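This is what each chain is made of:
2 protein chains.
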Amino acid sequence: MPTQDQMKQALQAYIDGFAAGDAAAVAALFADDAVVEDPVGNPPISGRAAIEEFYTNAVGAGSKLVLEAPIRGSHGNAAAMAFTVEVPEMGLRIRVIDVMTFNEDGKIVAMRAHWGPDDVEQS
Amino acid sequence: MPTQDQMKQALQAYIDGFAAGDAAAVAALFADDAVVEDPVGNPPISGRAAIEEFYTNAVGAGSKLVLEAPIRGSHGNAAAMAFTVEVPEMGLRIRVIDVMTFNEDGKIVAMRAHWGPDDVEQS
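For the protein sequence lines, the chains are B and L, in the order given.
The numbers in my numbering rise by one with no breaks, and the one at position 3 of the first sequence is 7.
The numbers in my numbering rise by one with no breaks, and the one at position 28 of the second sequence is 32.
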């Protein structure tokens, strides 16, 4: 099982990847067979190629993530964080809580992004 | 599917139940066959009777929940929130992210609390 530090560092690296505009660095945090559900309730995206395309679009829109509270670990293989996404290209701010689940190698196997229609506002 | 408002009001009622010291009110938010995993990675607690006992202990310890950011919904049947738990009886503060999943009746069927050993500090 990955350590608390490994999981929290991966979530911080996810934020840092957006800050650097580096979609490949974000996608590299995921396992080959990972699943991304963003937002929860929409059809999931499966596999590294589709995930890299998803993050290429997200990073390409200039999205930046701002933590609202310290990253949380767990007593298992999951970690979570509350943040806002600033999407300047669309003039939007989205309030999100991501939960990421990890494999033995410390790669993300599942990402679930909790945000609803009411969690989006004009920035 | 419950509305965004229903789910967010249930999470707020969960916080309010702790504030009022009312474990029965907290447990009443859950479906009869609900499962609570607190923290994620520990064996889950199943069923309303066990859940009410769990919250009787938590509320009895004087625990209070302080939101760190607005409650999030989703595009599905889940909502999430980041908060700190103050446990005066134990002199502890715990940083948590809860994810709750709902049934058609707006009752919580699953609660997963994300906090690790490093998310606990002396208060």
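Think of the hints as simulated: they come from the structure by calculation, not from any bench.
Treat the numbers as computed from the prediction; the structure is a model and nothing was measured.
Treat the hints with care, as some may be off.
Which copy is meant is left open, because identical chains are indistinguishable; a pair holds if it fits in one copy or across any two.
Computed cross-link-like contacts, SDA-like style, restricted to lysine to any residue with a CA-CA straight-line distance of at most 25 Å [unchecked claim]:
1) K12 to E125
2) K111 to Q126
3) K12 to A23
4) K111 to P121
5) K111 to R97
6) K68 to N46
7) K12 to S127
8) K111 to A73
9) K68 to E108
10) K12 to L71
11) K111 to M94
12) K111 to S127
Results for each hint:
no.: 1; hint: K12 to E125; result: between (28 Å within a copy, 17 Å between copies)
no.: 2; hint: K111 to Q126; result: neither (34 Å within a copy, 31 Å between copies)
no.: 3; hint: K12 to A23; result: within (17 Å within a copy, 30 Å between copies)
no.: 4; hint: K111 to P121; result: between (30 Å within a copy, 21 Å between copies)
no.: 5; hint: K111 to R97; result: neither (28 Å within a copy, 29 Å between copies)
no.: 6; hint: K68 to N46; result: within (22 Å within a copy, 34 Å between copies)
no.: 7; hint: K12 to S127; result: between (28 Å within a copy, 22 Å between copies)
no.: 8; hint: K111 to A73; result: within (23 Å within a copy, 27 Å between copies)
no.: 9; hint: K68 to E108; result: neither (29 Å within a copy, 35 Å between copies)
no.: 10; hint: K12 to L71; result: both (13 Å within a copy, 21 Å between copies)
no.: 11; hint: K111 to M94; result: neither (31 Å within a copy, 35 Å between copies)
no.: 12; hint: K111 to S127; result: neither (33 Å within a copy, 33 Å between copies)
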